[in-house]
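Sequential numbering from 1 applies to the sequence shown in UniProt numbering.
Just to be clear, a hint being listed does not mean it is correct.
[Unchecked claim] Estimated spans, in silico, between C-beta atoms of each pair:
1. E121 with E182: 41 to 51 Å
2. S34 with Y79: 39 to 49 Å
3. P186 with A131: 25 to 35 Å
4. A60 with Q86: 13 to 23 Å
5. T80 with S34: 35 to 45 Å
6. A168 with E64: 16 to 26 Å
7. Y79 with T31: 36 to 46 Å
8. S87 with A60: 15 to 25 Å
9. A47 with E97: 16 to 26 Å
10. P186 with V140: 25 to 35 Å
11. T31 with E85: 20 to 30 Å
12. T31 with A60: 13 to 23 Å
[As the list claims (entries may be wrong)] Here are the computed lysine to aspartate or glutamate pairs in the EDC-like style, where the Cα-Cα straight-line distance is at most 20 Å:
13. K167 with D149
14. K162 with D143
15. K167 with E121
16. K162 with E85
17. K167 with D147
18. K167 with D156
19. K70 with D147
The set of hints was computed from the structure by calculation and includes no laboratory data.
Keep in mind it's a predicted model, so treat the numbers as computed, not measured.
Glycine included, every Cβ here is placed at the ideal spot set by N, Cα and C.
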Amino acid sequence: MTNVMTRSLAAVLGAAILSACGGCVQDPYNTKPSAEEIAHAEERMRALPSVVDSEAQLAAVVREITDAAKTIAPELNWYTRSNREQSTLGCPSPYLETTGVSMTTDRFVSDTPIPETAWGEVLRIARDIAARNGMTTLTVRIDRPGDHDVVLHSPDDGNEIKFGTLKAAVIVGSTGCRFRAEDLPPTGK
1 MTNVMTRSLA AVLGAAILSA CGGCVQDPYN TKPSAEEIAH AEERMRALPS VVDSEAQLAA
61 VVREITDAAK TIAPELNWYT RSNREQSTLG CPSPYLETTG VSMTTDRFVS DTPIPETAWG
121 EVLRIARDIA ARNGMTTLTV RIDRPGDHDV VLHSPDDGNE IKFGTLKAAV IVGSTGCRFR
181 AEDLPPTGK
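Kindly produce the complete structure, drawing on both the sequences and the hints.
In structure tokens form, the structure reads like this:
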């Protein structure tokens with residue numbers, strides 16, 4: 001019994017010592033951006049439309065994709081689920097250290113999924129529309145018969161569209177990190 005108690009006490013003391021020194025060792029992966037990197041991110045965002053204007057542009061692209069998908073698969077009946085919100089989720093470092101925010105569009109849903117026979121053509125059209133609007137990177141998260149989940153992403157401005165189908169079809173956009181209109185310099189108009 002004494003041996004078990006000694007081991008338990010040693011384990012508790014060891015944990016206490018290690019946790020008390022949690023901040024003693026520098027985390028080699030804690031790469032906080034420099035002031036220069038943050039300033040560069042702010043400069044890039046000043047050249048972009050405001051978050052609300054960017055969301056409106058992205059929502060138009062999402063709507064264009066839903067309209068095109070319906071021409072390929074007429075059984076799709078898209079409706080809107082209110083989803084618009086601002087957050088910092090679309091703001092990776094160094095943008096996260098600015099006053100920038102990202103914004104999601106409303107979510108477009110069809111209770112009827114995209115048929116497997118139409119998925120390839122719907123995806124091709126969605127990619128073409130997205131590419132015309134700067135979203136040239138495709139990430140396939142799931143690609144199984146009847147179950148698809150992709151992200152169309154802009155490496156230049158961070159905008160992206162998430163698009164998928166399983167028991168329903170869903171498409172939603174989110175802007176890259178942007179300033180609010182009041183944080184942008186006057187345009188001189």
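Hint check results:
no. : hint                       : verdict
1   : E121 with E182: 41 to 51 Å : holds, 43 Å
2   : S34 with Y79: 39 to 49 Å   : holds, 46 Å
3   : P186 with A131: 25 to 35 Å : holds, 33 Å
4   : A60 with Q86: 13 to 23 Å   : holds, 18 Å
5   : T80 with S34: 35 to 45 Å   : holds, 42 Å
6   : A168 with E64: 16 to 26 Å  : holds, 20 Å
7   : Y79 with T31: 36 to 46 Å   : holds, 43 Å
8   : S87 with A60: 15 to 25 Å   : holds, 21 Å
9   : A47 with E97: 16 to 26 Å   : holds, 18 Å
10  : P186 with V140: 25 to 35 Å : violated, 43 Å
11  : T31 with E85: 20 to 30 Å   : holds, 29 Å
12  : T31 with A60: 13 to 23 Å   : violated, 37 Å
13  : K167 with D149             : holds, 12 Å
14  : K162 with D143             : holds, 14 Å
15  : K167 with E121             : holds, 19 Å
16  : K162 with E85              : holds, 16 Å
17  : K167 with D147             : holds, 8 Å
18  : K167 with D156             : violated, 33 Å
19  : K70 with D147              : holds, 18 Å
When held up to the earlier numbered hints, the structure conflicts with 10, 12 and 18 and fits the remainder.
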